[in-house]
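Trainee: Going down the list, the sequences are from chains A and B. Under the numbering used here, the first residue of the first sequence is numbered 1, with each subsequent residue one higher. Under the numbering used here, the first residue of the second sequence is numbered 1, with each subsequent residue one higher.
Because the hints were derived from the structure by calculation, they are not lab data. Quick reminder that beta carbons are idealized off the backbone N, C-alpha and C, glycines included. Careful, some of the hints might be misleading.
Estimated spans, in silico, between C-beta atoms of each pair [what the hints assert, rightly or not]:
| no. | chain 1 | residue 1 | chain 2 | residue 2 | range |
| --- | --- | --- | --- | --- | --- |
| 1 | A | 22 | B | 13 | 36 to 44 Å |
| 2 | A | 43 | B | 15 | 29 to 37 Å |
| 3 | B | 15 | A | 46 | 28 to 36 Å |
| 4 | B | 23 | A | 143 | 48 to 56 Å |
| 5 | A | 166 | B | 89 | 44 to 52 Å |
| 6 | A | 166 | B | 115 | 29 to 37 Å |
| 7 | A | 137 | B | 104 | 51 to 59 Å |
| 8 | B | 49 | A | 130 | 42 to 50 Å |
| 9 | B | 13 | A | 44 | 29 to 37 Å |
| 10 | A | 143 | B | 114 | 32 to 40 Å |
| 11 | B | 117 | A | 80 | 21 to 29 Å |
| 12 | B | 12 | A | 143 | 20 to 28 Å |
| 13 | B | 124 | A | 124 | 44 to 52 Å |
| 14 | B | 12 | A | 131 | 54 to 62 Å |
Heads up, incomplete: computed chain B residues facing chain A, CB under 8 Å, no partners named [claimed, not checked]:
| no. | residue |
| --- | --- |
| 15 | 41 |
| 16 | 49 |
| 17 | 55 |
| 18 | 57 |
| 19 | 61 |
| 20 | 62 |
| 21 | 64 |
| 22 | 83 |
| 23 | 109 |
| 24 | 114 |
| 25 | 115 |
| 26 | 116 |
| 27 | 117 |
| 28 | 120 |
So the derived list for chain B, only partly shown, Cβ under 7 Å to chain A, looks like this [to be verified]:
| no. | residue |
| --- | --- |
| 29 | 53 |
| 30 | 54 |
| 31 | 65 |
| 32 | 67 |
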Amino acid sequence: MQFFGGSEISPSPPAPTALGNNAHMMYVFNRSGVCLLYREWNRPLHTLNAQQDHKLMFGLLFSLKSLTAKMDPTSAEKGNLGVPQLPGQGCSFHSFRTNTYKLSFMESPSGIKIILVTHPRTGDLRDSLNHIYNLYVEYVVRNPLYSAGTPIRSELFNTTLDQYVRSIA
Amino acid sequence: MAAIYSLYIINKSGGLIFYKDYGSSGRMDTNDSLRVASLWHSMHAISQQLSPVSGCLGIELLEADTFDLHCFQSLTGTKFFVVSEPGTQHMDGLLKVIYELYTDYVLKNPFYEMEMPIRCELFDINLTQAIQKDRVVLLGR
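The shape of chain A in the complex, shown without the other chains:
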């Protein structure tokens, strides 16, 4: 499994903060760990530079998926820790919450991972993530000028996304 892609093209720069947007930020990764999209609406604290931040996020999700598959109390037969899981194989988590943020996660069958970071009292965002995935399919995948595995640079997608995320919160 090859990770992080070969090129160092950075994802589209974050738009100036859209006021009134309650979500903090959003990531979209493909199955190799290439960050296809990073949107930032409200992020006062930046611990690492962008590249490291994306890699850390992907690494965290990869390991958490491995952990949940192993810790699944309802299945007796599991692989070893650290074995990469196929999308949909084994138990996967859909969100985690800390005292300062809530991270909602969704993985499509093709390995596209959508992550939305919001304030901690947000409810279940699985349907919203599904909707965002549909937006991705409509505006990005069906765009004949878009090549898979490259960062998304579509103004229309960004605007529609911003509007939708504003409506969730």
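Please build the complex by placing chain B on the supplied structure of chain A, with the hints as guidance.
Mentor: Relative to chain A, chain B alone:
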């Protein structure tokens, strides 16, 4: 009925000091439970790095398809986490009760070495009672 599948206690360096499984088919052998505990310790720390605002203390709740994981971190860095059925209520309260039992029966035990695996009979007995009581209370509702 709300079910607790298992309980883990890890010390401040991430080593597993207590693991109890309450009847799940996902019971793990010692090596796996040690690995899972260390992995959780690291994930907990990394989640603090990725916070968009300052003051993050780490993951408190992880929701998966078939289970929820509730974690409580004491001020000294000892983590107590419980794997339960999705949607189980009042796990935070239970974790605080377990923390109190830990301070009473483990830390105040003069023969207990800090950061070592817990082998205190009174702790086990009282822990089982606390978890049973939790079940009875929930059944009675």
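Trainee: Each hint should be assessed against the structure and marked as holding or not.
Mentor: Here is what the structure says about each hint:
{"no.": "1", "hint": "22/A - 13/B: 36 to 44 Å", "result": "37 Å, holds"}
{"no.": "2", "hint": "43/A - 15/B: 29 to 37 Å", "result": "34 Å, holds"}
{"no.": "3", "hint": "15/B - 46/A: 28 to 36 Å", "result": "32 Å, holds"}
{"no.": "4", "hint": "23/B - 143/A: 48 to 56 Å", "result": "52 Å, holds"}
{"no.": "5", "hint": "166/A - 89/B: 44 to 52 Å", "result": "31 Å, violated"}
{"no.": "6", "hint": "166/A - 115/B: 29 to 37 Å", "result": "48 Å, violated"}
{"no.": "7", "hint": "137/A - 104/B: 51 to 59 Å", "result": "56 Å, holds"}
{"no.": "8", "hint": "49/B - 130/A: 42 to 50 Å", "result": "28 Å, violated"}
{"no.": "9", "hint": "13/B - 44/A: 29 to 37 Å", "result": "31 Å, holds"}
{"no.": "10", "hint": "143/A - 114/B: 32 to 40 Å", "result": "59 Å, violated"}
{"no.": "11", "hint": "117/B - 80/A: 21 to 29 Å", "result": "23 Å, holds"}
{"no.": "12", "hint": "12/B - 143/A: 20 to 28 Å", "result": "50 Å, violated"}
{"no.": "13", "hint": "124/B - 124/A: 44 to 52 Å", "result": "36 Å, violated"}
{"no.": "14", "hint": "12/B - 131/A: 54 to 62 Å", "result": "42 Å, violated"}
{"no.": "15", "hint": "41", "result": "11 Å, violated"}
{"no.": "16", "hint": "49", "result": "5 Å, holds"}
{"no.": "17", "hint": "55", "result": "6 Å, holds"}
{"no.": "18", "hint": "57", "result": "5 Å, holds"}
{"no.": "19", "hint": "61", "result": "5 Å, holds"}
{"no.": "20", "hint": "62", "result": "4 Å, holds"}
{"no.": "21", "hint": "64", "result": "4 Å, holds"}
{"no.": "22", "hint": "83", "result": "6 Å, holds"}
{"no.": "23", "hint": "109", "result": "29 Å, violated"}
{"no.": "24", "hint": "114", "result": "26 Å, violated"}
{"no.": "25", "hint": "115", "result": "23 Å, violated"}
{"no.": "26", "hint": "116", "result": "24 Å, violated"}
{"no.": "27", "hint": "117", "result": "20 Å, violated"}
{"no.": "28", "hint": "120", "result": "25 Å, violated"}
{"no.": "29", "hint": "53", "result": "5 Å, holds"}
{"no.": "30", "hint": "54", "result": "5 Å, holds"}
{"no.": "31", "hint": "65", "result": "5 Å, holds"}
{"no.": "32", "hint": "67", "result": "5 Å, holds"}
Violation of the numbered hints given earlier is confined to hints 5, 6, 8, 10, 12, 13, 14, 15, 23, 24, 25, 26, 27, 28; the remaining hints are satisfied by the structure.
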